[in-house]
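There are 2 protein chains.
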Amino acid sequence: MSSVGTAATVAPDRYPTRLTDGEPTPLARVDPVVWGAAPGPVSPAAIEGYDREGFLAVDQLVPAGEAAELLTEAHRLAGAARGRDERWVREPAGDEVRSVFEVHRISERFAALVADDRLAGIARQLLGSDVAIHQSRINLKPGFGGKEFDWHSDFETWHAEDGLPAMRTVSISLALTPNFTYNGPLMIIPGSHRTFIPCLGATPDGHYRASLRRQEVGVPDHDVIARLAEESGIRVLTGAAGSATVFDSNCLHGSNSNISPFPRSNVFVVYNSVENPLAPPFAAPEPRPTFIADRDPVQV
Amino acid sequence: MSSVGTAATVAPDRYPTRLTDGEPTPLARVDPVVWGAAPGPVSPAAIEGYDREGFLAVDQLVPAGEAAELLTEAHRLAGAARGRDERWVREPAGDEVRSVFEVHRISERFAALVADDRLAGIARQLLGSDVAIHQSRINLKPGFGGKEFDWHSDFETWHAEDGLPAMRTVSISLALTPNFTYNGPLMIIPGSHRTFIPCLGATPDGHYRASLRRQEVGVPDHDVIARLAEESGIRVLTGAAGSATVFDSNCLHGSNSNISPFPRSNVFVVYNSVENPLAPPFAAPEPRPTFIADRDPVQV
Chain V
1257 MSSVGTAATV
1267 APDRYPTRLT
1277 DGEPTPLARV
1287 DPVVWGAAPG
1297 PVSPAAIEGY
1307 DREGFLAVDQ
1317 LVPAGEAAEL
1327 LTEAHRLAGA
1337 ARGRDERWVR
1347 EPAGDEVRSV
1357 FEVHRISERF
1367 AALVADDRLA
1377 GIARQLLGSD
1387 VAIHQSRINL
1397 KPGFGGKEFD
1407 WHSDFETWHA
1417 EDGLPAMRTV
1427 SISLALTPNF
1437 TYNGPLMIIP
1447 GSHRTFIPCL
1457 GATPDGHYRA
1467 SLRRQEVGVP
1477 DHDVIARLAE
1487 ESGIRVLTGA
1497 AGSATVFDSN
1507 CLHGSNSNIS
1517 PFPRSNVFVV
1527 YNSVENPLAP
1537 PFAAPEPRPT
1547 FIADRDPVQV
Chain X
1257 MSSVGTAATV
1267 APDRYPTRLT
1277 DGEPTPLARV
1287 DPVVWGAAPG
1297 PVSPAAIEGY
1307 DREGFLAVDQ
1317 LVPAGEAAEL
1327 LTEAHRLAGA
1337 ARGRDERWVR
1347 EPAGDEVRSV
1357 FEVHRISERF
1367 AALVADDRLA
1377 GIARQLLGSD
1387 VAIHQSRINL
1397 KPGFGGKEFD
1407 WHSDFETWHA
1417 EDGLPAMRTV
1427 SISLALTPNF
1437 TYNGPLMIIP
1447 GSHRTFIPCL
1457 GATPDGHYRA
1467 SLRRQEVGVP
1477 DHDVIARLAE
1487 ESGIRVLTGA
1497 AGSATVFDSN
1507 CLHGSNSNIS
1517 PFPRSNVFVV
1527 YNSVENPLAP
1537 PFAAPEPRPT
1547 FIADRDPVQV
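Chains V and X, in that order, give the protein sequences. Per the working numbering: the first sequence = residues 1257 to 1556. Per the working numbering: the second sequence = residues 1257 to 1556.
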């Protein structure tokens, strides 16, 4: 490519996906995992672990009392569903609210949280730049039947459907209720962030509506997932309310159902580097709504 | 009741369920948990734990090599589905075999296993009598989407639909693959075997066909389950292939889905005391098929 880089120049797609023919051959990641070496809240040993495994478990990112306050605010938001506002997402088989998106724009409490140095400082340190909010949401996996999320790489979807060019985001999942092994906790395959798994199938128009309830396109090949899990195992991220998981956008992750009586609720914030602004989608007819992938993101 | 006890005498129902009106008030168990005090393979301390918690985790009931052989036999059986034979049960949304019933009658290998003193000896010791096979089956929860089993008491169903009079059985779930926290392992609420939770709703005719895939009648009240789990927690039964869980028929148990690549397969054997033969169903129009509840059981 000898063209001069301008906003209109289409960069080559380093992570082709939603393939309509051929085999989905896994590709090696071409982006760094840790983008900076500046000091910050994350210790050198923890940075090394994040680089190697693709995630970091933090025992107490906020105190239990603060997590309880955030949970109260999350419940208030869930109960405040406005008519047909798509930011409120319900369980696949039911009316219960599963997620609320863009909480940093609809709640002062969550706006303060996403800008808080305890969270944003981690992202700035790992991404080596200033950061903006790509997405925020609360997930309220109910007890007695909260459904599973199948294995996926967030990056695959964000790249294909939102135009995220590089793997240069940090996601933070902050537990608002205890995450036990048995209430559908986050599971990650360590080291999977180093492999990009192209997915088969063109993205249908308006696909996001169904995919927020249950993904059907953008599903990685089961043989590849099995091989990675056999090599590296599966890490189950449990912890008290206030604990957090910091993870790379390309980690293969998912969660099982929750038949236990105990809801598994968390707030999920995605920080994108300001040097990695959204392009047009790499493999979808049109961008998804901004509440899922902010095209004019709030810098924090 | 002053009538002379004969085979034709209808005993009072000590565990009324499938109620069509009123509140499902939990009842205290009226049967013992441990029926004998004879020596056997279970240590006095383990018997005490079984009495208190309603179950017993056994690290290695059979060696790993033997578990591997049994798994091979289980796969052979699963692949040998015969036309519309109802003993082969498939996943709710798919064609994959989830369970095969009556394996002690269709496989010499499993016939030998259920008669083996390592299993039957435990049952005889805890039940204080000779024992017969009430039910046997293999469960092959597949990877990548094996479904959950909601909370239930086996006894509630066996009493209502099969006419099991007393809580005098021992169930043994023998792991044929590793049971991790993340592949849908058995979960039990310790101590729940001491409470009988009547369920609401009359049993429809032929209910068993649907209930083997997903239970809709015989579902205990969520508030009661939540209270018991808050009081006593939830025990997740993990272990290597060859490990086992021995449990009382009235334990509240269930399992989450399995999105992991690793199947969770086990063989499940229910020993009933020969002094507790099946009566007519206590709350169903007709008995279920004998492959689910053997009315002419093999004594072992």
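Careful, some of the hints might be misleading.
Just a sample of chain V residues kept apart from chain X, beta carbon distances all over 12 Å, derived [said to hold, decoys possible]: (1) A1293; (2) A1301; (3) G1402; (4) E1404; (5) T1437; (6) V1475; (7) G1510; (8) S1511.
If you want the footprint, here are the derived chain X segments under chain V, 3+ residues with CB under 8 Å [said to hold, decoys possible]: (9) 1404 to 1414; (10) 1432 to 1440; (11) 1505 to 1512; (12) 1532 to 1540.
Don't read these hints as lab results, they were simulated from the structure. Ideal Cβ positions, reconstructed from N, Cα and C, are used throughout, including at glycine.
Quick rundown of the hints versus the structure:
| no. | hint | in the structure |
| --- | --- | --- |
| 1 | A1293 | holds (34 Å) |
| 2 | A1301 | holds (26 Å) |
| 3 | G1402 | violated (10 Å) |
| 4 | E1404 | violated (5 Å) |
| 5 | T1437 | violated (4 Å) |
| 6 | V1475 | violated (10 Å) |
| 7 | G1510 | violated (5 Å) |
| 8 | S1511 | violated (7 Å) |
| 9 | 1404 to 1414 | holds (count 4) |
| 10 | 1432 to 1440 | holds (count 4) |
| 11 | 1505 to 1512 | holds (count 3) |
| 12 | 1532 to 1540 | violated (count 0) |
Hints 3, 4, 5, 6, 7, 8, 12 from the earlier list are contradicted by this structure; the remaining hints agree with it.
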